[in-house]
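All chains, full assembly: derive it from the sequences and hints.
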Amino acid sequence: MKVVGNRKRQALNFGVVLLISLLCTFLIVGIDGNLRGILLYTLYALIIGTSISLGCHLITSRLFRRESWQQNPKNSFIYIVLLVTAFIMINVIVINVLWFYLAHGVSASTLFQDRIGIFTMLLEFVIGVIIYLIVLANHYAKHIATHYENISQVEKELAYHRYETLKNQLIPHFLFNSLNTLGGLIYKDVDKAEEFLARLSNIYRRILDFQHVEIISISEELGFIDDFMHLNKVRFQGQLSHTVQVVNVNQYIVPMALQLVFENAIKHNVVSAKYPLQITLIEEKGYLVVQNKIRLKQLSGASHALGMKNLKARYSRFTEKKIEINETDELYTVRIPILLKA
271 MKVVGNRKRQ ALNFGVVLLI SLLCTFLIVG IDGNLRGILL YTLYALIIGT
321 SISLGCHLIT SRLFRRESWQ QNPKNSFIYI VLLVTAFIMI NVIVINVLWF
371 YLAHGVSAST LFQDRIGIFT MLLEFVIGVI IYLIVLANHY AKHIATHYEN
421 ISQVEKELAY HRYETLKNQL IPHFLFNSLN TLGGLIYKDV DKAEEFLARL
471 SNIYRRILDF QHVEIISISE ELGFIDDFMH LNKVRFQGQL SHTVQVVNVN
521 QYIVPMALQL VFENAIKHNV VSAKYPLQIT LIEEKGYLVV QNKIRLKQLS
571 GASHALGMKN LKARYSRFTE KKIEINETDE LYTVRIPILL KA
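Just so you know, we're using my numbering here: the sequence shown kicks off at 271 and counts up by one.
The hints are simulated quantities; they were obtained by calculation from the structure and are not laboratory data. Do not rely on the hints blindly, as some may be mistaken.
The calculated lysine-lysine pairs, modelled on DSS-like cross-linking and capped at a C-alpha distance of 27 Å, are [what the hints assert, rightly or not]: (1) K579 to K611; (2) K563 to K592; (3) K555 to K579.
All values derive from a computational prediction rather than experimental measurement.
Dropping the structure here:
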């Protein structure tokens, strides 16, 4: 359907060019002009019109394919108009110089000294710019409408992902495992049990706080990770550890991004006395890099894939940088972009 639509639009554009070419021809040679003159100037006008149409289409299409135009639509519009205006001017001059030299033996210097030649090129330039501005305004309005529709869709998906994050964190195995661990601590070490309960309370308080927040500071996320890892370290009794080397804690990140990566590492890898799990977090060239050795359990990767898909969708709202995942035989690495502004 899209191909058919493009063909119809191209046919319509060609029809408009042909019609305008014929009108310009009769303006130049008159209705009483001989057949040879009419055909010759129709060909001339078609060359001018078609070259302008194709050139403007190529320039506009290429610029609209770039994502940068959406960040500053006003400046992008001005840039496109200036670029295309310059193209139309150059195109009109070049084709007229070639046409009058090849078809009539008129040199460029003679053409530019002739008032009719100057008027003809000026008329073609003005008509070309006016037609292009009309087409561009329509094209631009459609792109802007599509852009805002996409933003609206992303916001809806973002709200859904936030809800899913909350739901998936409040209900699943983490709470069950935490309560089991807490039940064992109560009879062994009351002080540790109290700290464990306080940390668990902090985690769910943060989850509720994060539900309606799109971006948080790295410092807040690291506080969340500290509580999360404390509970898991108690659960695995010293078989789990992590290190953090992050300097720019006042920059930003999507809520619970690190928590998802840490949780996946714990969930999908063996954690035992024989194979203790070490998770490292460092800051590297605008990314937070999480890394661990791979000792996979025999588990389905569906939930992991869904969680990462949701995280990538949330990140696409704020940056063009992608979350990078690299897996070797020994190491699993996730690179999460740091957001510079809230």
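Checked hints:
Proposed proximity of K579 and K611 is supported: the alpha carbons are some 23 Å apart, at most 27 Å. For the hint pairing K563 with K592, the CA-to-CA distance comes to about 23 Å; that is within 27 Å, so the pair holds. Straight-line distance between C-alpha atoms of K555 and K579 comes to about 23 Å, which keeps the hinted pair within the 27 Å bound.
Taken one by one, the earlier hints all hold for this structure without exception.
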